[in-house]
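Enquirer: Please build the complex by placing chain U on the supplied structure of chain L, with the hints as guidance.
Chains as they are written, first to last, in the numbering used here: chain L, 1 to 450; chain U, 1 to 450.
Everything labelled a hint here was simulated from the structure, so no lab data went into it. Mixed in with the good hints, there may be bad ones.
If several chains are the same, the list does not tell them apart, and a pair holds so long as it fits within one copy or across any two.
[What the hints assert, rightly or not] Calculated pairs, BS3-like style, for lysine-lysine (alpha carbon to alpha carbon, straight line, at most 27 angstroms):
id : residue 1 : residue 2
1  : K308      : K12
2  : K33       : K138
3  : K138      : K270
4  : K355      : K336
Number of protein chains: 2
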Amino acid sequence: MRLSRYFLPVLKETPSEAQIVSHRYMLRAGMIKQNAAGIYSWLPLGFRVLRKLENIVHEEQMRAGHIPMLMPTLQPADLWRESGRYDAYGPEMLRIRDRQDRDMLYGPTNEEMITDIFRSHVGSYKDLPMTLYHIQWKFRDEMRPRFGVMRGREFYMKDGYNFDLTKEDALHAYNRHLVSYLRTYERMGLQAIPMRADSGPIGGDDTHEFLVLADTGESEVFYDSAVTDLTFGDRKIDYDDHAQCAGVMEEFTNLYARTDETHDADLFAKVPAERQRTARGIEVGQIFYFGTKYSDAMGATVQGPDGKVVPVHMGSHGIGVSRLLGAIIEASHDDKGIIWPEGVTPFHCGIVNLKQGDAEADAACQALYDSLTALGLDPLYDDRNERAGGKFATMDLIGLPWRITVGPRGLKNGVVELTSRRTGISEELPPEEAVARVAQVYAGLHVRGI
Amino acid sequence: MRLSRYFLPVLKETPSEAQIVSHRYMLRAGMIKQNAAGIYSWLPLGFRVLRKLENIVHEEQMRAGHIPMLMPTLQPADLWRESGRYDAYGPEMLRIRDRQDRDMLYGPTNEEMITDIFRSHVGSYKDLPMTLYHIQWKFRDEMRPRFGVMRGREFYMKDGYNFDLTKEDALHAYNRHLVSYLRTYERMGLQAIPMRADSGPIGGDDTHEFLVLADTGESEVFYDSAVTDLTFGDRKIDYDDHAQCAGVMEEFTNLYARTDETHDADLFAKVPAERQRTARGIEVGQIFYFGTKYSDAMGATVQGPDGKVVPVHMGSHGIGVSRLLGAIIEASHDDKGIIWPEGVTPFHCGIVNLKQGDAEADAACQALYDSLTALGLDPLYDDRNERAGGKFATMDLIGLPWRITVGPRGLKNGVVELTSRRTGISEELPPEEAVARVAQVYAGLHVRGI
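Bound conformation, chain L alone:
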């Protein structure tokens, strides 16, 4: 993309309404614009990242054998009356009446609807195990929406639902989700720690939240520091292997890590003192096993191998896709702006032309642009007639991990400058080598763009 043809409305001033750094930078970098309290437009740069996160979530869910589909944003109230949650849900549910005076709602979650779909079409244990998921806009009418996309009202979320014949199978689905989530967050450059959590209005006993450590997190968390040494890495997973998934679950949850909701001071005291940590965390996902709560209430049953009709065991599992942008920025920035992890960056590399209009500099930039594009990478070429300082400030603010700077002086010596946004370290090298270096960084990291 050439910046002169893009829509990147960066702001010089810090918007006064933004209290946390991710909100400030998303506004300043022209990623979002507020349209109403807690309701945002995703401007082109923000949309690119959102779509990348969505694509990573799809890839990892499909890899785990989960089946993508899509449910609508609006739901009939009657479904929620069946489960008893229509009256229980409180004012955060946005209730709507249509022109025929039917009670509708903007879905905050989809347990009822997916259970209805399941009971309409599935009747035999032979169709199990089954996990269906979707990524869709949801609405929670927060009393005090704030922190930008971190606590918006209209938000984008992946929610998946498993249907299993037995509790054991459902707990495998739970573990499978945990494994796929660990992979997902790591691909996004995030360390998200599973912590035992409270089930809230979804119901159920087994539940873990995934928390990203950040000073601006909404939850207080208590953990054994050894938990932050764990990494998922590139281990090979057979998602059908119950023992392997249970092993990962065990490995990532046996150390103490809890939010304030479930914190147990006595248990925490048993963690070696030098490893006891208190911090704040941002919730970026949650998994639940809730047994037959919804299948009982809504009659979602299957005939088992013995001919007996039994309610299915279910769980639900969510990743807050839009809030992840905020979480990633909270975890990865400096005082100049965002620092995107390579796995989710909106553009792979910036190209800064120090002397736009200089024939040689223009040609060198264009050649870099073409080479990177031919390798399947998306460069952002700042081809505007602006001063170098302004171009650098914009690149730093929007946080592309790599920048190639091209100027007449370097070109005389046959070199351009390759700069890492994270370390700030620059290196002079021939253009072909700069391209090769950038390509090498992204090898194996490839995520679909829009």
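Expert: Coordinates of chain U only, in the frame set by chain L:
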């Protein structure tokens, strides 16, 4: 995908509520499920096609230089009060009151919101031309929703908006959209004819609708039969070239083609009698130029090269993405089921195992599956323990363009059967050749899946 691990709830009976063939087949093929009047879930097979259409639209819009972003589904009423449309819109607008008693609405279209974004961030002619678009769920509270996704209430639509300094530039944007739409529909296997249309509540003088001819279309159309001989083909387009885009516009709109809304009997009479046609058509897109209607009302201005502040010239341009599924099926089916055009098929090829459990047949199917997958294709392997007749009926119903049938008898002779869904013609050939043939069909047609 192995069918035994998929969720494909095909129906044997024809649902009584479905009046048109696309609605019937989408229900029978397990593509959609109605959740409320005019509100549907996209079951896994339907979602695959929806996502492919979405990806084609993105690819062609970006190719034309249009910039993707995303606006929210809910909008504040105040924006619509500025343009005067809040009161004018009528009961098809779904009006919502949030917990703070603020008037909101579920967006049926986005002229106001995009104009607000533009005026907040753009002030100079130097940032023009600019076309922003998004693909988002919209809502129209139809009195009588029907025909499945063809006239749903919650629907998925691409809407794009151009901002230009002059009327001439805006008309180029109009032509650019026409060109990109012709390409888009052809990639989807559709012939969509641009017809002079009526502007309706959006306003404006210049507008064309794109119509797909089908007996079940909602509009009566009148056209010169020569218009159906035009094809876009693989011509190279420079979307910055005003003359080239105007040439395509001229070529595709100078023959008589109008809907009943704009039909002119006297003009039609001048078409040679043997080329006069009357038919029905399904609207799958529309482009508008409406000048400064919204920029005047909402103060969207730029400073021109002469320093004078002028309102921008705008247009809006839409493709009904979810309704396209219905239109494609209406245009491409037979009495056994859907026939997907190769460009949009949910899976590229079916594999039918005639004797599941037979070691040789199972191994041959798995090898085909692996070969196709390694080539980047998505096969659907019917590995269920079902009779051949049932497997064929399912494949015919869901409409994959190619099917490979594997049975012990053929394998003895070293062959499998490759069948075209469209022609019904089968050929026996070695498995490697069947794979090569399928790969050849899809070469150059590659569209991203989910």
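Enquirer: Give a verdict on every hint.
Expert: Cross-check of the supplied hints:
1. K308 - K12: For K308 and K12, the Cα distance is within 27 angstroms only across copies (25 angstroms; inside one copy 67 angstroms).
2. K33 - K138: Both. Shortest intra-copy (18 angstroms) and inter-copy (19 angstroms) distances satisfy the 27 angstroms Cα cut-off.
3. K138 - K270: neither (41 angstroms within a copy, 54 angstroms between copies)
4. K355 - K336: Cα proximity of K355 and K336: one copy only (23 angstroms, versus 64 angstroms across).
Hint compliance for this structure: hint 3 alone is broken.
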